[in-house]
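Colleague: Protein sequence lines correspond, in order, to chains A and B.
The first sequence begins at 0 in numbering that gives the first Met the number 0 and counts up by one.
The second sequence begins at 0 in numbering that gives the first Met the number 0 and counts up by one.
Check the hints yourself; a few may be wrong.
Label-pair distances were calculated between CB atoms; the ranges are [unchecked claim]:
no., chain 1, residue 1, chain 2, residue 2, range
1, B, A368, A, I134, 51 to 61 Å
2, B, K225, A, H132, 22 to 32 Å
3, B, H105, A, F296, 16 to 26 Å
4, B, R228, A, I65, 33 to 43 Å
5, B, P213, A, I134, 42 to 52 Å
Calculated from the structure, these hints are not laboratory results.
Fair warning: this is a prediction, and the values are worked out from it, not measured in the lab.
Where is the CB? At the ideal position from N, CA and C, for every residue including glycine.
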Amino acid sequence: MDFGPHLLLAVLEGAVGAAVLALTALGLSLVFGVMRVVNVAHGEFFMLGAVVAWFIASPIAAHPAIGFVAALAIAPLVAGGIAVVVDRLVLKRVEYDPEATIVGTIGVLYIIQQSALMIYGPEARPVEPPFNHRIALPWVEWGDSGLSFYYPWGLSTTSYKLFVIVAAVAILVTFWSVMSRTRLGLIMRATQLDRETAVAFGIPVQRVYSIVFGFGAALAALSAVLIVPIQQAHYLMGHDPLLLSFIVVIIGGLGSVRGTVVAALLIGMSDGIISVFLSPTLSKILATLLVALVLVFRPQGLYGKKMA
Amino acid sequence: MSKLLKTSRRSLIKSVGAGALMAGTPLLGRFASAQSGAPIKIGFQQHSTGIGAAYGRWYGRTTEAAVKAINEGGGINGRPVEIVAEDDGTDPKRGAEVVEKFANQHNCDVAFGTLFSHVVIGSAPSAGEQKIPYFVVSEGHHVASGGLNRYTLQPGITDVKSQVQAMAPYVADNLGKKVTMIFPDFAFGHDHRDFFTAAIEAQGGEVLEHIAVPPSETSFTKYFPKIPRDTEVLYHVMVGPAVLTFVKELGEFFGPSSPAIFGFIDSLEAVDLTSPGLEFLEGTYFWEGNPRYAQADQSSHDKNFRAAVGVDENGASVSDPKDVSTYAHMFGCWETLHVIKAGMEASGYQGPSDRQKLIEAVEAMTNMAESDAHPQGPKVFNGKTHQVFGVQYISRVENGRLVKVHATSIEDTYYPDEVDYTTQSF
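So here's chain A without its partners, still in its complex pose:
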């Protein structure tokens, strides 16, 4: 493949990855920012989203779009609901102690993963995309008759992949406006800034924590519903998103929305481009190396604030 079309394909693939990664990492970042809880089970909420999407979409025999839209609405609610229960049953009981919550969420990770194995089974199952058309992309070429378009071999994407990118951007904008323009966002930000003062001002911090934990899980589930028509639902699929989300929030700065989005773009795009041109293993190596460098030279992350 020529360099130009090859690069365009890499950017497109990277953009899909980055879009989904940004949503997933945002959930992790939100939970850490507001609650100071490192949610190791975050990837399992992602997996739950995909698995629930399959359970919702597969029995609906009508047009695949109906099942998909239903999944888009219900799966995040289910994952969020389970997360609220986890918050009440586990995190609250250990009083949000940073070490105890890590161990607690590791336990939750295994409980969710093995429950999925028992109920859903070990197979990978596809969810049909609401629409999917192969779009061949043109490329410009300087020929004898000046600039001309042609369709290079293999340079294509699908309408659904483009939809994923657009949907992710829309969700990000909605999230940002909720955080910055609504009362709920204000309360979350207040809790994030100073828990004690928030309590003093009558903010029901416990309820905010439940909402935030549920919201974080719902974001992971939502991004999984978007990706599942491309990747299939599988009970072990939560591993990679968890790892990449951690990389993203560490680089972006834990708790920083802007940092998370920038880092997700950086990691997602570089993952796409490096793995197309060189090898996928190398892109993972570079991402992990970047984390190490950030931790050494800028421990608070790109946009994080230094902790007092």
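Using the hints provided, position chain B relative to the given structure of chain A.
Modeller: Positioned in the frame of chain A, the structure of chain B alone reads:
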């Protein structure tokens, strides 16, 4: 009250005893010739979870069906067969632990079953240490390459080296000589890479590019631009939970202008050929270990095998047409269990002290005729390399079904011996 309790306990024991005797009587009659009525325990190393789970499920069903058939036919040496299944998580380390457990904890007579080559390679040393015969159903060339040990045998399924060697002439003659290969990046895929490359070169062809993909990969489009433009034949073999995604993205990448495509059915085992997005496979070719769809010239043995395992003529479960089997591989479990039976009967196997006699008896086997015990076709076992050889099939996708277009001979799959395990001490 206490009196009542006492009586009831006694009568309970009595009735349980009587019940057990009654329940045991038909077994007693059926397995009358046994010196010891205790069952023969076969440890079944199963990919219940992990990336091999789809295979594990169907290997499990085939194994159950084979044991049922063997027991209904009088068991082995008059003793019933019992399967002890343990999940290896498709993980080499866990696999080795499972083999040790079979030997030490469950007191199994033999170990059997697993597919993924890295699990076999990881487990075989344990089998050697524990001195427990280990019958694998794995396809990898690791048994015949001499890399394992005298306790590890593969008598029920052919190996990749013989398979690809038999495919190469057909590919070169009918599809093209410039090949690009896509394969999973572990032992099994490396067997494909090494042996197909050599085999196609022997046919005057060449491999333009080798594209290795990690078996746990979930998105594949990024690998496809490495396919050179002048590729005549795309050779694909993929495993893992994402195989459907792999094939779908392949179709999306090529669109209407694809080279000829030759795949190993591994890329679509347990996947419905009529899944949306797979339409582009129409007219492409697949290696099949055993044709998934019942063919026009279906043998009575294949018919019986399908009925016993519960597979319909489309290769799916009779109870759920969407639950597609791993038909090209799972016959290996059925045939291996029948080889174990034949070996135990030939050696007069009584218990673990006869394990060496069992291995020697299997090593002495040669021709295995096509029969209900060998429904995939006739086979020839090579006792020196511990590897069986058999016919291979090539199918073409026609109207969403795999239709057999070529069957190789057993001779097409032969290659010179690379090891003589019989010279190794036990």
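Colleague: Now, for every hint given, state plainly whether the structure supports it.
Modeller: Hint check:
1. B:A368 to A:I134: 51 to 61 Å: holds, 55 Å
2. B:K225 to A:H132: 22 to 32 Å: Roughly 25 Å apart at Cβ, these two residues keep to the hinted range, so it holds.
3. B:H105 to A:F296: 16 to 26 Å: Given a distance of about 55 Å, which is not inside 16 to 26 Å, the answer is violated.
4. B:R228 to A:I65: 33 to 43 Å: Hint holds: Cβ distance 41 Å, inside 33 to 43 Å.
5. B:P213 to A:I134: 42 to 52 Å: 28 Å Cβ-Cβ, so the 42 to 52 Å window is violated.
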